[in-house]
Amino acid sequence: MSSPHPALVPALLRIADDRLILGHRTSEWCGHAPILEEDIALANIALDLIGQADLVLQYAGAVEGAGRNEDAFAFFREATEFRNALLCELPKGDFGVTIVRHCFHGLYSTLQWEALSRSTDATLAGIAAKALKESRYHVRHAGEWVIRLGDGTEESHRRAQEAVDALWPYTGEMFMQPADEADLVAAGLTADVSALAVPWRTQVDDVLRRATLTVPDGVWMQRGGRDGRHTEHLGHLLAEMQIVARSHPGAAW
Amino acid sequence: MTPTREQVLGWLEEVKDPEVPVLSVVELGVVRDAMIDRHGGVTVTITPTYSGCPAMRVIEDSIREALELRGVAQVSVRTIFTPAWTTDWIPESAKAKLEAYGIAPPGPAVADDELFPLRRATAGPRCPFCKSPRTSLRSAFGSTACKALWVCQECTQPFEQFKAI
Chain X
4 MSSPHPALVP ALLRIADDRL ILGHRTSEWC GHAPILEEDI ALANIALDLI
54 GQADLVLQYA GAVEGAGRNE DAFAFFREAT EFRNALLCEL PKGDFGVTIV
104 RHCFHGLYST LQWEALSRST DATLAGIAAK ALKESRYHVR HAGEWVIRLG
154 DGTEESHRRA QEAVDALWPY TGEMFMQPAD EADLVAAGLT ADVSALAVPW
204 RTQVDDVLRR ATLTVPDGVW MQRGGRDGRH TEHLGHLLAE MQIVARSHPG
254 AAW
Chain A
2 MTPTREQVLG WLEEVKDPEV PVLSVVELGV VRDAMIDRHG GVTVTITPTY
52 SGCPAMRVIE DSIREALELR GVAQVSVRTI FTPAWTTDWI PESAKAKLEA
102 YGIAPPGPAV ADDELFPLRR ATAGPRCPFC KSPRTSLRSA FGSTACKALW
152 VCQECTQPFE QFKAI
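Heads up: the sequence lines are chains X and A, in that order.
Residue numbering for the first sequence follows the numbering used here, beginning at 4 and increasing consecutively.
Residue numbering for the second sequence follows the numbering used here, beginning at 2 and increasing consecutively.
Bear in mind the hints are in silico, worked out from the structure with no lab data behind them.
All values reported here derive from a predicted model rather than from experimental measurement.
Here a beta-carbon is modelled for each residue, glycine too, at the ideal position from N, C-alpha and C.
Take these hints with a grain of salt, some might be off.
[As the list claims (entries may be wrong)] Restraint-style ranges between C-beta atoms, simulated for each label pair:
1) X:G68 <-> A:P55: 24 to 32 angstroms
2) X:P172 <-> A:T83: 35 to 43 angstroms
3) A:A97 <-> X:D195: 23 to 31 angstroms
4) X:R71 <-> A:E69: 39 to 47 angstroms
[Stated by the list, open to error] Think about it this way: if two alpha-carbon atoms lie no more than 20 angstroms apart in a straight line, the pair counts; the simulated EDC-like pairs of lysine to aspartate or glutamate are:
5) A:K96 <-> A:E15
6) X:K95 <-> X:E243
7) A:K96 <-> A:D38
8) A:K17 <-> A:D38
9) X:K136 <-> A:E115
10) X:K136 <-> A:D62
[Claimed, not checked] Listed next, the stretches of chain A that the computed footprint assigns to chain X, with coverage defined by at least 3 CB atoms under 8 angstroms from CB atoms of chain X:
11) 45 to 56
12) 139 to 152
Let's have the full structure, built from the sequences with the hints guiding it.
Structure below.
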């Protein structure tokens with residue numbers, strides 16, 4: 004590739020880190036989910052998300068051309084170098100929080116992958132077209148659960164509503180278009196995420212209405228993850244995710 | 002001796018998916034093409050089933066090993082993402098093998114219009130054991146990225162289905 008745009012690597016990291024961090028967070032359910040089927044489902048979703056991150060990070064390494072591979076990006080960056088949305092790094096919470104987050108981020112993911120599948124960058128477009136299929140499968144699972152939990156028992160409704168209230172302040176960041184990506188969007192390389200806000204809200208409203216859940220009013224939207232300013236939770240997650248690779252640098256398995 | 006493309010694809014029929022050993026990587030649609038250069042070197046183009054499929058590296062190694070055993074001196078494996086893998090590439094003959102092996106084959110990969118239908122409009126797979134159509138989805142996810150878990154209402158046998166994607 005002849006001199007890639009300097010903003011392309013950070014843009015790829017924003018895409019990859021969402022999936023890597025949410026995927027790792029989701030893997031924490033392995034062996035702990037409320038029912039066996041859900042244990043399997045969440046482990047599968049985590050695997051797909053980490054796989055998507057893997058593909059994008061491989062590509063970021065190739066674009067950067069500085070000898071960093073996907074493992075270097077995943078295991079040898081500090082928290083301030085990660086570009087995921089804060090929503091992805093929040094603790095896994097109860098099953099309600101996990102499912103509502105997968106619904107919120109999954110709907111964003113399907114819209115983002117769909118837009119990226121039209122990227123003028125053929126590699127990114129190819130990865131996106133593939134990830135879109137997986138993402139649709141994931142969000143269907145999460146959305147149907149949100150409807151069943153919200154419109155379920157008094158207890159499941161209460162927990163699902165609490166999850167919506169707790170996560171809502173972290174949803175706005177997904178649609179804040181990073182200023183340094185303006186050229187990339189203009190060139191059709193990446194997607195303008197601010198354009199995804201309206202279709203996302205329409206889909207979320209549809210799910211929440213069927214789930215008898217409501218969106219909290221007048222909420223201040225948190226931000227920072229896209230620029231490397233994170234909650235304290237990310238450091239703890241990275242400590243666990245990175246310890247093996249950092250204890251045995253250069254090891255291959 | 003320089004092999005032909007057909008010969009190479011024939012040899013790759015012997016390379017099975019490590020998790021579904023009844024299907025070859027060609028039948029699965031993972032192998033997209035084989036190109037032979039004028040020195041007899043072979044480049045095999047593959048595409049992943051799922052982004053996170055842990056079998057892809059094993060498949061790549063097996064392809065290399067199989068061709069080296071046939072005397073191909075220079076084997077390279079290239080991964081592409083476009084067009085995205087779909088279960089629609091699995092031929093009917095391979096679907097029959099899957100069912101005989103105890104895995105219900107995938108139906109057509111149609112994009113559902115409604116994202117959260119709660120009820121499925123399309124019929125489920127028939128039980129690969131007793132062939133009853135009375136089956137129900139137990140989990141949309143299964144033991145590997147490519148499968149879902151079903152149970153037969155007739156013979157009570159749980160079974161897996163290749164997810165249509």
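Results of checking the hints against the structure:
1. X:G68 <-> A:P55: 24 to 32 angstroms: 28 angstroms, holds
2. X:P172 <-> A:T83: 35 to 43 angstroms: Holds: the Cβ-Cβ distance is about 38 angstroms, inside 35 to 43 angstroms.
3. A:A97 <-> X:D195: 23 to 31 angstroms: 47 angstroms, violated
4. X:R71 <-> A:E69: 39 to 47 angstroms: 31 angstroms, violated
5. A:K96 <-> A:E15: It holds: about 17 angstroms lies between the C-alpha atoms, which stays within 20 angstroms.
6. X:K95 <-> X:E243: 14 angstroms, holds
7. A:K96 <-> A:D38: Not satisfied, since the Cα-Cα distance of roughly 33 angstroms exceeds 20 angstroms.
8. A:K17 <-> A:D38: 25 angstroms, violated
9. X:K136 <-> A:E115: Holds, because 14 angstroms separates the two Cα atoms, which is no more than 20 angstroms.
10. X:K136 <-> A:D62: The hint is violated at about 26 angstroms.
11. 45 to 56: holds (count 6)
12. 139 to 152: As far as the stretch 139 to 152 of chain A goes, the hint holds, because 8 residues have Cβ atoms under 8 angstroms from chain X.
In this structure, the hints that do not hold are numbers 3, 4, 7, 8, 10, in rising order.
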